[in-house]
Amino acid sequence: MGSLVEIRNLHVQYGLRTVIDDLSLVVRPSEKILLSGPNGCGKTTLLRCMMKLQKISGGSILIDGGSDSADIAYCKQETGHSNYPLSAREVVAIGAMRRNRSERREIVEFALDQTGCSKLAGRNFFSLSGGEKQRVSLARCLAQDPSLLLLDEPTSFLDEEGCDSVLNVLNSLDSRQMTVIAVTHDLLMTRRLGWKVLRMDKGGVQWAT
Amino acid sequence: MGNLIFLFSLKPIVLGLIGMAVSGFSFPIAGVIILNNGLIPMRYMLMHGVILGGTLAIAWNLPMVLMVMLTNILLVLLMMAVNRSRSMTLANASTAMMVSTMGLASLISHVLDVPSKDTLEVLWGSPFALTTGDIVVIGLLSVALVVYCSVCFDIICVVFFDKDIAGAMGLNVRRHYTVMVMMTALAVAVSMKAMGALLVDALLVLPVLIAARGAQGLKQLFVRSSLIGLALSISGYIVALVWNLPVSGVLALMSAVLYGVSSIWNVHLKRRNIICSRRK
Chain A
186 MGSLVEIRNL HVQYGLRTVI DDLSLVVRPS EKILLSGPNG CGKTTLLRCM
236 MKLQKISGGS ILIDGGSDSA DIAYCKQETG HSNYPLSARE VVAIGAMRRN
286 RSERREIVEF ALDQTGCSKL AGRNFFSLSG GEKQRVSLAR CLAQDPSLLL
336 LDEPTSFLDE EGCDSVLNVL NSLDSRQMTV IAVTHDLLMT RRLGWKVLRM
386 DKGGVQWAT
Chain B
3 MGNLIFLFSL KPIVLGLIGM AVSGFSFPIA GVIILNNGLI PMRYMLMHGV
53 ILGGTLAIAW NLPMVLMVML TNILLVLLMM AVNRSRSMTL ANASTAMMVS
103 TMGLASLISH VLDVPSKDTL EVLWGSPFAL TTGDIVVIGL LSVALVVYCS
153 VCFDIICVVF FDKDIAGAMG LNVRRHYTVM VMMTALAVAV SMKAMGALLV
203 DALLVLPVLI AARGAQGLKQ LFVRSSLIGL ALSISGYIVA LVWNLPVSGV
253 LALMSAVLYG VSSIWNVHLK RRNIICSRRK
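Here the protein sequences line up with chains A and B, keeping their order. Those letters in the first sequence? Residues 186 to 394, per our numbering, in order. Those letters in the second sequence? Residues 3 to 282, per our numbering, in order.
Don't take every hint at face value.
Said to hold, decoys possible - Straight-line C-alpha distance at most 20 Å; calculated PhoX-like pairs for lysine-lysine:
#, chain 1, residue 1, chain 2, residue 2
1, A, Lys-261, B, Lys-165
2, A, Lys-240, A, Lys-387
3, B, Lys-165, A, Lys-237
4, B, Lys-165, A, Lys-240
5, B, Lys-221, A, Lys-304
6, A, Lys-217, A, Lys-261
Stated by the list, open to error - Computed list of chain A residues with no C-beta within reach of chain B, every gap over 12 Å:
#, residue
7, Gly-222
8, Glu-291
9, Asp-344
10, Val-354
11, Thr-375
12, Gln-391
13, Ala-393
As the list claims (entries may be wrong) - Computed footprint of chain B on chain A, listed as stretches where at least three residues anywhere in the stretch have a Cβ under 8 Å from a Cβ of chain B:
#, region
14, 231-241
15, 257-263
16, 270-284
17, 298-309
Bear in mind the hints are in silico, worked out from the structure with no lab data behind them. All values reported here derive from a predicted model rather than from experimental measurement. Beta carbons are placed, not taken as given, at the ideal position from N, Cα and C, and that holds for glycine.
With the hints as constraints, model all of the structure from the sequences given.
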């Protein structure tokens, strides 16, 4: 089986500070990985490098063999701060923006339904609770149906109920073909999902046993 | 009534009404872009750009709208270059540019002996001064705004939502951001002749603030803002005509009053919802 993500000797610096030093990692298609590690060890930076949102200082990152059309969905720790409305349906539709109109409506409704967000569809995204926002964001990612899904601490700032609903959605990803890399500090998430855990420290990574 | 009918037989009055109606409908779209992209400091800079462009046009006897549009395009390009170099934040760069443009306008009006009364007209504006050429420019920009927002609605959604997510999806965020800022710059420039540099917000921003009360989605916000902008600009124009008052001032005050009323109504609705949910 080939690799979907291939990182070789990655080196990232913010000014004089080295954040990631000589990191190599191979992730296969359909693999689901939890990336954990102390604050500031470069987990979010690694995700941003994969999306080309962060310049790398050395090494290489190949997604889907270096294809420019690599389809990546990204779910942030905290998404969007705005005083102006965007409905939950509009947010989910962002994920399906490359589909044709006839498919789109169906995809959006399906994603909303899968994440239990159908009742939230007409509400302003920015007025939702943290857990609801996170589920709508996951619905957006499901509507995109990407080859690689990157999640940055999807359960942080959530109460028990919100956390539980998000973990249920993440559990349902096991049946999907997409590759998932989720950054987390949450031990409950690690236990509940049973995905492989990759520990990152001082720029290096190793599989947790 | 008879007086009003007579007034509408005059060409400047009809051109003014067309200009106000078209810009009232479409320019709040630029207002949505300004508010969602946090472009308020840049919008102030563009208003000052209007004063610089207006002063240059008067000094060199050039077409006002064209000169103001050119000045604002140049300012936006300069801002984008500063932003790309990351040497300054957009807000700080806008402030620095705003002061510089005013300084330059002041020097030019002194050196080239621009009459201060003419410069003041740039600040206040009048829809009765709109020419057929101005209406064509307003119409073209309005069509561009409506078409861009209809065709690229999804892209606008994602750029407003989160620029990182837009980037992760492989969208060219910078290109779309530049298009949006350019359209905003042109809308501010074109509004200047009808509304004056100081009151462009009544046409661009206030209808959006009113529409944002209770709107649940972006599509709803665009449509409501445009309809409120259209209703306000036509009614403001007619009220100004009937009472022989300056259109821009009347429109700005009407917008502000409607914003106040919508705020009070919004508070009332929130209280009612809290009471209803407690009863349940």
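Taking the shortest Cβ-to-Cβ distance between Ala-393 of chain A and chain B, state whether it exceeds 12 Å. holds (27 Å)
Outcome, coverage hint (the region 231-241 of chain A, chain B; C-beta under 8 Å; three residues): holds (count 4)
Run the C-beta distances from Thr-375 of chain A to all of chain B and say if the shortest one exceeds 12 Å. holds (24 Å)
Hinted pair, alpha-carbon criterion (20 Å max): Lys-217 of chain A, Lys-261 of chain A. Please report holds or violated. Holds. Lys-217 of chain A to Lys-261 of chain A sits at ~17 Å (cutoff 20 Å).
Lys-261 of chain A and Lys-165 of chain B: Cα distance at most 20 Å? holds (11 Å)
Compare the distance between the alpha carbons of Lys-165 of chain B and Lys-237 of chain A with 20 Å, and conclude whether the hinted pair is satisfied. Distance of about 13 Å is within 20 Å: holds.
Asp-344 of chain A and chain B, when compared Cβ to Cβ, separated by more than 12 Å: Holds: least Cβ distance 20 Å, greater than 12 Å.
Reported absence of Gly-222 of chain A from the contact zone with chain B (all CB gaps over 12 Å): holds (21 Å)
Lys-240 of chain A and Lys-387 of chain A: Cα distance at most 20 Å? Holds, because 19 Å separates the two Cα atoms, which is no more than 20 Å.
With the threshold set at 20 Å, check whether the alpha-carbon distance from Lys-165 of chain B to Lys-240 of chain A stays at or below it. Judged against 20 Å, a Cα distance of about 16 Å means the pair holds.
Given as covered by chain B, does the region 270-284 of chain A meet the bar of three residues or more with CB within less than 8 Å? holds (count 9)
Are there three or more residues in the region 257-263 of chain A whose C-beta lies closer than 8 Å to some C-beta of chain B? Check passed, 4 qualifying residues.
Checked against the numbered hints above, the structure breaks none of them.
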